[in-house]
Amino acid sequence: MDTEFFLAWLTGAAELVRRHRDHLTELDAAIGDADHGTNLDRGFTEVLQALDDWPPTSPAQVLLSAGTTLIRRVGGASGPLYGSAFRQMGKALETPVTPAGFATAFEAGVRAVERLGKAVPGDKTMVDALVPASRALAQAVQEGVEAREAFERAARAAEEGAKATIPLRARKGRASYLGERSVGHEDPGAASSALIMAALAAVS
Amino acid sequence: MDTEFFLAWLTGAAELVRRHRDHLTELDAAIGDADHGTNLDRGFTEVLQALDDWPPTSPAQVLLSAGTTLIRRVGGASGPLYGSAFRQMGKALETPVTPAGFATAFEAGVRAVERLGKAVPGDKTMVDALVPASRALAQAVQEGVEAREAFERAARAAEEGAKATIPLRARKGRASYLGERSVGHEDPGAASSALIMAALAAVS
Amino acid sequence: MKKLINTAESVIEDALTGLAAAHPSLRVRDRVVYRAGGPRPGKVALVSGGGSGHEPLHAGFVGHGMLDAACPGEIFTSPVPDQIIDATRAVDGGAGVLHIVKNYTGDVLNFEMAAELVEDVEVASVLVDDDVAVRDSLYTAGRRGTGATLFVEKIAGALAEEGAPLAEVARVAGEVDERSRSFGIALTSCTAPAAGKPTFDLPEGEVELGIGIHGEPGRARVPMAPARELAAVAMEAIHGDLPLEGDLLVMVNGMGGTPLMELYVVFAEVTAFVRGKGARVARSLVGNYVTSLDMQGFSVTVCRLDDTLTRLWDAPVETPGLRWGR
Amino acid sequence: MKKLINTAESVIEDALTGLAAAHPSLRVRDRVVYRAGGPRPGKVALVSGGGSGHEPLHAGFVGHGMLDAACPGEIFTSPVPDQIIDATRAVDGGAGVLHIVKNYTGDVLNFEMAAELVEDVEVASVLVDDDVAVRDSLYTAGRRGTGATLFVEKIAGALAEEGAPLAEVARVAGEVDERSRSFGIALTSCTAPAAGKPTFDLPEGEVELGIGIHGEPGRARVPMAPARELAAVAMEAIHGDLPLEGDLLVMVNGMGGTPLMELYVVFAEVTAFVRGKGARVARSLVGNYVTSLDMQGFSVTVCRLDDTLTRLWDAPVETPGLRWGR
Ligand SMILES: Nc1ncnc2c1ncn2[C@@H]1O[C@H](COP(=O)(O)OP(=O)(O)O)[C@@H](O)[C@H]1O
Ligand SMILES: Nc1ncnc2c1ncn2[C@@H]1O[C@H](COP(=O)(O)OP(=O)(O)O)[C@@H](O)[C@H]1O
Ligand SMILES: [Mg+2]
Ligand SMILES: [Mg+2]
Ligand SMILES: [Mg+2]
Ligand SMILES: [Mg+2]
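Chains as they are written, first to last, in the numbering used here: chain S, 1 to 204; chain F, 1 to 204; chain X, 1 to 326; chain P, 1 to 326.
Keep in mind that the hints were calculated from the coordinates and are not lab data. All figures in this text were calculated on a predicted structure; none of them were measured in a lab. Glycine is no exception: its CB is placed at the ideal position from the N, C-alpha and C atoms. Mixed in with the good hints, there may be bad ones.
[Unchecked claim] Subject to a maximum C-alpha distance of 25 Å in a straight line, what follows is the list of computed DMTMM-like cross-link-like pairs (lysine to aspartate or glutamate):
| # | chain 1 | residue 1 | chain 2 | residue 2 |
| --- | --- | --- | --- | --- |
| 1 | P | Lys2 | X | Glu236 |
| 2 | F | Lys118 | X | Asp136 |
| 3 | F | Lys118 | X | Asp82 |
| 4 | X | Lys43 | X | Glu116 |
| 5 | X | Lys197 | F | Asp53 |
| 6 | X | Lys197 | X | Glu9 |
[Claimed, not checked] Partial pick of chain P residues on the chain S-facing surface, computed with a CB cut under 10 Å:
| # | residue |
| --- | --- |
| 7 | Gly73 |
| 8 | Pro81 |
| 9 | Asp131 |
| 10 | Thr140 |
| 11 | Arg219 |
Whole structure, please, built from the sequences with the hints as guidance.
Right under this line is the structure:
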């Protein structure tokens with residue numbers, strides 16, 4: 001897993017976010033303020049721009065650059081959260097990158113989201129997609145399956161985690177203001193997390 | 001034609017205006033500001049109230065009271081115009097009231113509208129209903145037909161005059177701001193004038 | 001129709017109750033809004049009025065440096081002579097009273113009747129007719145009075161505070177009107193409470209050009225366009241009637257339902273347009289000042305300033321709708 | 001969607017251009033709105049910010065007696081740390097900087113990150129959370145910051161002008177928040193330019209109770225009712241959380257698309273309600289101050305005054321959105 005791999009991941013994530021932008025915004029309109037799609041699309045566009053302007057020379061640099069850009073350009077709740085996740089992942093990532101090393105770094109990134117947002121699984125946030133993804137990744141690595149397979153399991157876990165937010169009542173973020181009325185809608189941040197993991201699995 | 005007759009006329013006019021209030025307002029919405037029906041309904045309601053509070057003892061008093069109330073309670077363009085019309089009619093009315101005397105007084109009332117509003121027939125205003133009504137009345141009286149018949153001719157003339165405003169381009173009042181766009185709509189004030197004349201013909 | 005009212009019949013009364021409660025500097029009696037403290041001896045008094053639905057105009061401009069009284073009529077219906085007579089008599093401080101009348105048949109007739117009936121007070125009157133969307137010709141009731149009314153009330157009010165005599169205040173008021181022009185564009189119609197539905201239908205993709213402030217349709221209907229183009233339409237109409245030169249007082253006015261953010265977007269375009277003509281925006285106002293109920297849209301009003309008018313515009317004013325310098 | 005904009009992407013930039021052109025007392029640089037004239041030596045500086053779409057909040061409250069800088073984010077999206085860092089460094093006059101933060105996850109996270117990164121400036125921060133529609137519990141992100149933000153900015157700003165130290169300004173700012181409560185009701189949704197359609201659908205006969213200021217749906221949907229009843233719903237919610245007693249500062253705030261006349265109707269009802277509870281409306285504001293784009297509706301914010309807060313509220317203020325005393 002070299003620098004190219006991580007560039008491909010973020011490029012793929014940016015494409016998926018762009019393609020699903022309006023859907024993410026609609027999810028946010030239902031239980032938030034209708035800006036999640038535009039926020040992330042703006043952010044990932046800037047991420048690719050920055051990676052293009054200052055070409056990174058290591059996987060860690062890719063993640064650090066992406067995290068910093070998301071923090072500096074997105075705003076809202078998702079900006080600092082995703083930004084910190086990528087930055088922590090970058091800081092924890094050791095080169096050469098092994099699947100096991102990546103799983104550890106990824107878990108550090110997810111921890112950063114939990115620490116910053118103080119959300120736990122079940123609060124109906126991106127954490128509900130990221131934590132299962134992190135677990136699946138660690139599990140797969142332990143089982144020694146090859147990277148590609150491990151990423152696919154993580155992506156599936158994230159996707160299932162996102163869908164599992166539908167029946168939940170939000171306890172964090174804007175959706176929590178709706179109380180009972182937040183039930184029955186998928187959390188936009190969990191949905192975008194699933195997209196980012198899908199992009200990881202799609203890197204070839 | 002005694003005091004009762006004139007009270008009956010105004011009572012009938014008030015009823016017709018009430019019944020056609022929304023229609024008059026819709027006509028005004030098309031080429032004005034959507035208040036003619038409410039203006040006149042408010043005005044005639046007050047007219048009856050005042051006639052009830054201070055019972056008039058002569059036909060002239062009925063008209064003077066009605067005119068004053070319309071001026072004091074309606075506002076807009078139609079308030080001063082209709083108000084002055086009834087006031088002038090009252091001033092010019094001689095008792096005992098003969099059909100001929102009424103025709104003369106009515107003409108004086110119409111003149112007041114023309115003087116105040118400076119509108120001439122063809123400008124697409126109430127004048128287009130009132131002037132033909134006045135002419136028909138004078139004509140009928142000259143021919144010596146009985147009152148009831150004379151009033152019916154006047155009402156018909158007013159009605160035709162109102163409908164005849166449809167193809168006209170307004171040159172006075174709010175409708176004139178629309179220029180060509182005022183063509184194709186009946187003038188609300190002409191329509192209300194026709195109602196007032198219909199009430200006259202309906203007095204029995 | 002969804003409106004924050006109790007009943008369509010009581011809306012004016014209820015709003016005036018709220019206005020009086022919100023502004024101790026005002027007094028409301030018999031449908032007239034007065035500046036508290038009674039007539040100012042020796043000061044020319046200013047009285048204006050017109051249909052309601054244009055808030056803050058006129059009642060929101062009663063106070064030091066502007067109006068002494070405002071006569072609110074029913075919605076979009078000019079006030080009745082009684083209100084104007086009461087107001088004129090009550091505010092006269094011996095120096096006479098200026099009636100500021102927007103040029104609409106109803107307003108003109110009712111103010112004229114009132115003026116005739118107060119022989120005991122010296123009354124002068126100024127007619128505001130700044131709307132370039134209406135050609136002043138034999139074929140119209142003449143230009144409508146719109147945004148310039150605020151300029152006339154502010155500048156004449158400042159002059160009156162300085163102690164100028166009635167004739168002088170009336171002269172300058174007329175001068176402000178002559179130097180001012182307006183043009184309005186509607187994105188939506190407005191809904192009068194009594195009517196209960198929009199005065200006219202305006203499809204999603206279209207706007208009305210040359211609207212007045214009573215929800216009446218405009219001169220023409222065109223496809224919706226970016227703010228830059230809509231601002232240009234309004235400014236070209238104004239510039240074509242009164243060339244933009246020198247120092248200008250410019251108001252970008254919201255029609256009541258348009259948020260401030262959009263008005264600033266329009267103002268940015270208007271400023272660029274003015275610069276493009278070699279003139280200068282010396283003073284400005286951006287906000288909802290002369291409205292048409294809940295209509296979405298804007299109007300631009302431009303006044304060519306000179307040193308005197310600028311001084312009078314800058315003079316202190318203390319009203320609910322306009323306040324600076326005290 | 002019909003809006004007076006050029007493009008959904010450029011609306012913030014365009015509006016800031018118009019804001020700067022309209023108000024010589026402001027400076028706009030890198031998405032931060034500053035009070036002209038640079039930092040005030042020895043004066044505690046106030047910085048606030050949040051998503052755009054709430055105009056005049058926050059940029060309209062930059063000036064003497066209120067904010068030293070405002071950081072506007074994208075529409076309904078909190079600003080990024082860079083803006084807050086730039087603003088904090090630029091306005092510090094040596095006495096430290098107070099961050100006024102509305103309680104939303106995004107605002108809190110971005111202001112926190114910024115505060116951590118400016119070790120060179122003494123920063124204190126106050127969290128505004130006045131919306132009683134949201135229960136503050138383990139099950140929510142806590143109460144939203146809405147109308148009380150204006151009260152905090154005005155009163156803390158006046159105290160800072162008096163030369164009070166950062167700790168004192170922060171303490172009083174927190175006290176204003178503790179003494180304030182708000183409740184909002186929407187008649188229509190709002191349309192974010194980027195979304196292009198209303199955030200939620202609200203049928204003709206219904207209203208949303210307990211809305212925030214980001215077009216998010218409220219706590220419940222009920223049939224439309226007369227202003228008197230809607231005002232009572234809002235006031236009961238407030239009174240149930242903070243009993244109405246003594247002298248009150250009351251704001252009846254429009255959500256952006258509601259005309260002033262209707263807000264006065266609501267204010268009349270609110271005043272009557274307060275009187276009914278034996279309290280007194282000692283100070284008030286009626287208008288569009290903390291808005292949600294083009295949403296129609298209103299919110300009521302009440303603050304229990306004491307002599308100090310009243311004095312600070314009355315102190316001179318000179319901003320585009322709030323001005324008196326100079
Ligand atoms: N405290 C939190 N912890 C973790 N994730 C959160 C938290 N608050 C919000 N989020 C995530 O952020 C998403 C909303 O992001 P976005 O709409 O971009 O920001 P905002 O809510 O400020 O408009 C939510 O769907 C949720 O997944
Ligand atoms: N100058 C005028 N002369 C005669 N009638 C007029 C004149 N101006 C307006 N009207 C009449 O008044 C009617 C409008 O009355 P109304 O709607 O009550 O007042 P407003 O136009 O002030 O809203 C018009 O339909 C027209 O018939
Ligand atoms: Mg959001
Ligand atoms: Mg009318
Ligand atoms: Mg009218
Ligand atoms: Mg947001």
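These are the hints, each one checked on the structure:
no.: 1; hint: P:Lys2 x X:Glu236; verdict: holds (22 Å)
no.: 2; hint: F:Lys118 x X:Asp136; verdict: holds (16 Å)
no.: 3; hint: F:Lys118 x X:Asp82; verdict: holds (23 Å)
no.: 4; hint: X:Lys43 x X:Glu116; verdict: holds (22 Å)
no.: 5; hint: X:Lys197 x F:Asp53; verdict: violated (35 Å)
no.: 6; hint: X:Lys197 x X:Glu9; verdict: holds (15 Å)
no.: 7; hint: Gly73; verdict: holds (5 Å)
no.: 8; hint: Pro81; verdict: holds (6 Å)
no.: 9; hint: Asp131; verdict: holds (8 Å)
no.: 10; hint: Thr140; verdict: holds (4 Å)
no.: 11; hint: Arg219; verdict: holds (6 Å)
This entry does not satisfy hint 5, going by the numbered hints stated previously; all others are met.
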